[in-house]
Amino acid sequence: MEDGPEGGGEAPLRRPAVTPWPRRGEIWSVRLPGQPSDPHQPRPALVLSDDVRNRLADDVIVVPIFTRGAEGPTHVPLPRGAGGVKRDSVLFCEELTTLDRDFLGSGPWGAAVGSDLMAAVARAVRRAIGETVPEPG
Amino acid sequence: MLSAKRATRVKVGATLDPDLVAAVDLYVAGNPGLDRSTVIDDALRLWHARQQELAMERQLLEDAGRYDAERSGWKTVRKEAVKRRFGARP
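Protein chains in written order, with my numbering: chain E, 427 to 563; chain S, 422 to 511.
Please keep in mind that the hints were generated in silico from the structure rather than gathered at the bench.
To be clear about the criterion: a stretch of chain E counts as covered by chain S if any three or more of its residues have a C-beta under 8 Å from a C-beta of chain S, and this derived list gives those stretches:
(1) 492-503
(2) 525-532
(3) 548-561
Partner residues aside, some chain S positions facing chain E, computed with beta carbon under 10 Å:
(4) 480
(5) 481
(6) 487
(7) 492
Please read these numbers as outputs of a predicted model, since none were measured by experiment.
All C-beta atoms, glycine included, are put in the ideal place defined by N, C-alpha and C.
Work the whole structure out from these sequences, hints included.
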């Protein structure tokens, strides 16, 4: 039974036009599509979602990057150079966000950040959702 | 034989309040399968949860009202993203 103009029984996977696709651990600029004059953008973000999702889905899970931030359980320092950032920054893991791929502007800024930093981000996200997660000894 | 989890544990010495130790021993005696280590693990988890909670409070209070330009930028992005994701659905 056909259920769409192209026929076939299953909805086609939505493939975004944006290429290249973002990889987990990379830093990309985020902007409001169609509003280049917004004074607050673009803002950098770390891609946290899995690469299968990043390649096939039309959205990505990102962690916003701020230039400063209080030390705390859900903030992860991002040293200058990591992922291509030009200054010491802070990942606000409590502000984890899912964005359509067309919110991503330029990127990646550099190579993906290291696995230790990604592990620290994962711990901070778990704390943000209420888990008690000590730093590894 | 030690399980893998048990093998990664650390043995420490500590000087504790004798009344608390007696309370732990009483609890362990009434609950077969438990030992002092299990109870002290639980106590430390609770302690760490409280420490994390306090640190979270400090972080949020320290951040309140700061980084306004960056926050406002992200809020705008998030609002637009949410509008797209949920706004058009019945």
